[in-house]
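K.L.:
Chain by chain, the residues run as shown.
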Amino acid sequence: MNIHTYEKAWLIAAMLLIVGFIATITYGSIGLGIAMVDDEGGSIDPNEVFDHEEFSDPGVQQVGEDEYEVYVRAQTFTFVPSPIEVPAGSEVTFHVTSPDVIHGFSVVGTNVNTMVIPGEISTMTVEFDEPGEYGLVCNEYCGPQHHEMSGQLIVTPEEEFDLTELSAEAPDEVATGEEIEVTATVTNGQLEDLDTTVTAEIGDVTLEEDVTVAGDGSEEVTFVVDSSDLGEGDHDWTVTVDDYEESGQVTVGTDESDENDDTTDTEDDNE
Amino acid sequence: MSNATTAYFEDFPEESKVIHSAFWSSFIALTIGGLFGLIQALHRTDVFRFMDSADYYTVLTAHGVLLALTFTIFFLVGLFTWATTTSLDRGMVDLRFTWGWYGLMVLGTILAAVPILAGFTDSIDMSASVLFTFYAPLEGHPLFYVGLVLFVVGSWLAGVDWFRTWWAWKQDNPDERIPLPTFMVLTTTLMWYLATLGVAIAILAFILPWTLGLVDGINPLLTRTLFWFFGHPVVYFWLLPAYMMWYIMLPKFAGGKLFSDPLARVVFVLFLILSVPTGIHHQYLDPGIAEGFKFIAMTNTMFLLLPSLLTAFTVVASMEHGARQRGGTGYLGWLKALPWRDPVFTGMSLAGLMFAAAGFSGMINAGMNINYLVHNTFWVVGHFHLTVGTAVALTFMAASYWFIPQLTGKRLWNRSVALIQVLVWFIGMTFMSNAMHRGGLFSIPRRTAEPQYEEFAFEAGVGSVAELNLQVALGGTLLFLSLVLFLANMVVTVMGDRADSGSIPANTYAGTLSGSEDAPLILDNLKLWTTIAVVLVVFAYTLPILSVIQDGGLFGYEINGFPVSIAPFLPAELPASLETVTAALPEIEVIP
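Keeping their order, the protein sequence lines are chains A and B. Here the working numbering is used: the first residue of the first sequence is 1, the next is one more, and so on. Here the working numbering is used: the first residue of the second sequence is 1, the next is one more, and so on.
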């Protein structure tokens with residue numbers, strides 16, 4: 001076969017280009033450590049997603065110093081949970097699956113992007129260098145409301161990040177002279193102990209208590225106020241820990257007919 | 001028979017009718033699909049909208065199926081029938097068979113189109129808004145899948161037709177080389193047989209039985225993998241007819257000869273063996289497939305650049321040869337000597353130029369870990385509007401300006417309108433595709449009805465999202481305008497009177513500078529190349545498919561189709577519904 005000299009040169013250049021491309025990608029994999037989404041996430045029966053240990057109540061967990069796992073359910077036509085809050089500068093591993101059809105999971109403006117296929121768990125580990133708010137978007141057609149399937153990912157500065165949860169419980173009504181008990185439960189989802197102060201304002205009384213919540217544990221703090229000190233009427237109460245706040249109202253008074261002991265439970269996650 | 005003196009319709013009047021019918025089927029698909037494209041370009045950019053965003057996906061399904069499958073493949077079967085008969089200088093063996101596969105393809109198209117279009121109205125309980133990739137567990141009406149199958153079977157029979165015509169020719173010409181156009185037809189057909197196995201298995205063994213309720217479960221990753229087994233090589237099924245035009249017609253229109261017949265054969269052989277074992281590169285971001293398999297697919301994909309780079313050389317060298325024959329001189333000065341006023345030449349050249357740009361964005365797509373940035377974004381849409389939407393579509397339209405007179409004996413109505421048409425397509429696509437590529441880099445997804453989302457806003461690094469949207473809408477409008485000009489030209493041409501005998505140019509294709517006598521005989525050994533192609537596919541696919549089946553099961557998980565509103569009217573469902581009826585009966589008390 002006779003090949004023109006120029007064509008031979010072109011052929012060689014083309015081969016070099018191709019080998020160069022493959023080398024570049026290989027460097028990205030081995031040198032820079034950009035791993036592909038693969039089969040390490042394992043499989044899952046899509047019918048079991050809502051009963052799954054993690055995917056039934058998906059969210060962020062700390063698994064090591066600067067290491068977090070995030071479980072996400074991509075389902076028609078929403079991401080659960082959303083917003084997702086993770087710290088900057090940590091290794092964050094996303095596990096995403098779908099209980100229904102094929103979806104996409106893409107963090108807008110980044111190269112965090114994976115297919116979500118029913119029956120499979122997509123697992124990818126990433127690190128966000130900069131704090132910021134990112135959009136989450138489903139980038140695979142999943143049905144007539146596909147364009148409504150979006151969410152938010154909030155990357156918090158490392159020092160401001162926590163996995164603290166606060167819930168509080170107090171009666172709705174007490175008779176004059178009885179004690180008002182406000183119970184706050186502080187949960188620490190991080191591995192390190194959490195030293196903090198729980199503050200309760202009940203009417204015009206302010207109480208404080210320092211607590212240490214063990215890693216992956218929770219503490220209950222109870223504040224007691226004598227209702228006579230507050231006087232008859234409606235009184236607001238607020239419990240705060242760091243940036244978290246729970247509040248309610250208690251009525252001190254005499255409604256003889258109502259003997260039940262109604263209480264208000266409040267609970268708030270990271271939001 | 002590159003030395004013919006007569007036009008095609010004079011030598012092959014009956015074949016002309018089949019090819020002409022196939023081309024018009026293609027044009028009708030192009031018209032409807034193109035109109036839907038315009039609706040999408042205006043809707044998703046929020047420039048002009050008249051329908052609910054939920055209907056966008058019905059439009060998109062029709063756009064994809066009609067343009068990616070119907071338009072391209074109908075044109076291909078016409079073109080390949082022309083190429084076979086012209087280069088073998090003999091008619092098809094049995095025209096009833098030829099009309100038969102054409103009819104089957106038409107039937108398949110209609111059956112697939114009915115449930116798609118029924119999706120626009122609630123009065124018909126049918127829909128198939130599953131896009132042209134129909135990923136399960138999205139579920140379309142069974143008729144949609146049946147239609148696709150019949151269409152593909154029709155194309156298989158067309159392949160049989162070309163092969164048997166070639167075998168008949170071989171009986172009479174045992175010692176001759178396969179003429180280059182026929183060689184291209186045969187290698188492309190073999191590639192198609194191999195590629196369509198994937199989609200045939202996906203539909204016949206899994207999706208259709210599941211849609212009909214014969215089996216309860218489906219493995220979404222398995223059917224998706226089988227789809228892409230077919231889904232990547234199908235792009236070469238669109239592209240190779242365009243390549244054929246660039247090899248055997250463009251040099252002629254440039255006034256010269258094809259630079260090298262042997263390398264043209266090498267290119268088609270490479271496409272035969274490398275097209276299929278690459279499909280997993282559409283699944284770089286799929287869970288459940290090991291990284292190693294993705295790497296193999298990437299390596300094969302990168303080597304597929306080789307035949308395209310070789311084509312770039314050969315086509316440009318052939319054009320230069322033509323230009324110098326026409327008196328062109330200088331390093332680049334020869335470009336001025338090319339027949340730029342000829343819409344056929346200019347259309348094909350611009351299509352080739354766009355394909356070069358598409359090659360670059362394709363290299364980004366092919367880069368396994370770079371793909372994270374662009375996967376399922378608007379970038380990908382920009383990419384394939386350069387490939388199938390321009391390299392293929394514009395080449396086909398430009399070629400039609402030569403073919404329709406060849407097939408009908410009627411002179412092209414207006415060459416100036418034709419020239420404007422190809423230019424407007426090029427300009428429109430420049431706007432649209434460029435904006436789509438850029439939008440993709442900012443994570444704007446493909447396949448969405450909305451330009452922005454509620455919980456966040458896409459932000460353009462350079463320019464603004466509004467400006468990108470405007471470019472997409474403008475580009476889409478120009479493309480539709482170009483399409484209207486094309487159709488008008490075609491309609492007026494075929495409605496006109498036949499030209500005087502002898503006034504239609506002879507049916508010839510380009511001669512060669514280095515001919516088939518320079519091509520080693522082994523290149524024509526189709527059995528060898530097919531075997532290698534099969535072996536490579538076995539290597540690339542056996543383990544990934546086995547592991548997908550091992551993880552998720554052959555028939556996967558019990559999953560209901562989505563949307564669930566599709567009620568299959570089935571015998572399998574009957575006993576269950578009868579039971580419900582009988583169970584309700586005893587509760588009806590007869591009042592005496």
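Watch out, some of these pointers could steer you wrong.
As the list claims (entries may be wrong) - If you anchor each label on the Cβ, the simulated ranges turn out as follows: (1) A/L191 to B/D125: 31 to 39 Å; (2) B/E558 to A/G253: 37 to 45 Å; (3) B/F50 to A/D66: 31 to 39 Å; (4) B/K527 to A/G64: 37 to 45 Å; (5) B/F120 to A/K8: 53 to 61 Å; (6) A/G64 to B/Q550: 39 to 47 Å; (7) B/Q550 to A/G215: 32 to 40 Å; (8) B/Q452 to A/T24: 33 to 41 Å; (9) B/L197 to A/G215: 27 to 35 Å; (10) A/P83 to B/L107: 50 to 58 Å; (11) A/T24 to B/P505: 22 to 30 Å.
Said to hold, decoys possible - With a cut-off of at most 27 Å between alpha-carbon atoms, the simulated DSSO-like pairs for lysine-lysine come out as follows: (12) B/K410 to B/K170; (13) B/K257 to B/K336; (14) B/K257 to A/K8; (15) B/K252 to A/K8; (16) B/K170 to B/K17.
Simulated from the structure, these hints should not be mistaken for lab results. Where is the CB? At the ideal position from N, CA and C, for every residue including glycine.
K.L.:
None of the hints should be skipped; say for each whether it holds.
P.N.:
Outcome of the hint check:
| no. | hint | result |
| --- | --- | --- |
| 1 | A/L191 to B/D125: 31 to 39 Å | violated (55 Å) |
| 2 | B/E558 to A/G253: 37 to 45 Å | violated (58 Å) |
| 3 | B/F50 to A/D66: 31 to 39 Å | violated (52 Å) |
| 4 | B/K527 to A/G64: 37 to 45 Å | violated (58 Å) |
| 5 | B/F120 to A/K8: 53 to 61 Å | holds (56 Å) |
| 6 | A/G64 to B/Q550: 39 to 47 Å | violated (31 Å) |
| 7 | B/Q550 to A/G215: 32 to 40 Å | holds (39 Å) |
| 8 | B/Q452 to A/T24: 33 to 41 Å | holds (34 Å) |
| 9 | B/L197 to A/G215: 27 to 35 Å | violated (55 Å) |
| 10 | A/P83 to B/L107: 50 to 58 Å | holds (51 Å) |
| 11 | A/T24 to B/P505: 22 to 30 Å | violated (48 Å) |
| 12 | B/K410 to B/K170 | violated (33 Å) |
| 13 | B/K257 to B/K336 | holds (18 Å) |
| 14 | B/K257 to A/K8 | holds (19 Å) |
| 15 | B/K252 to A/K8 | holds (24 Å) |
| 16 | B/K170 to B/K17 | holds (25 Å) |
Going down the numbered hints, you'll see the structure goes against 1, 2, 3, 4, 6, 9, 11 and 12, while the others check out.
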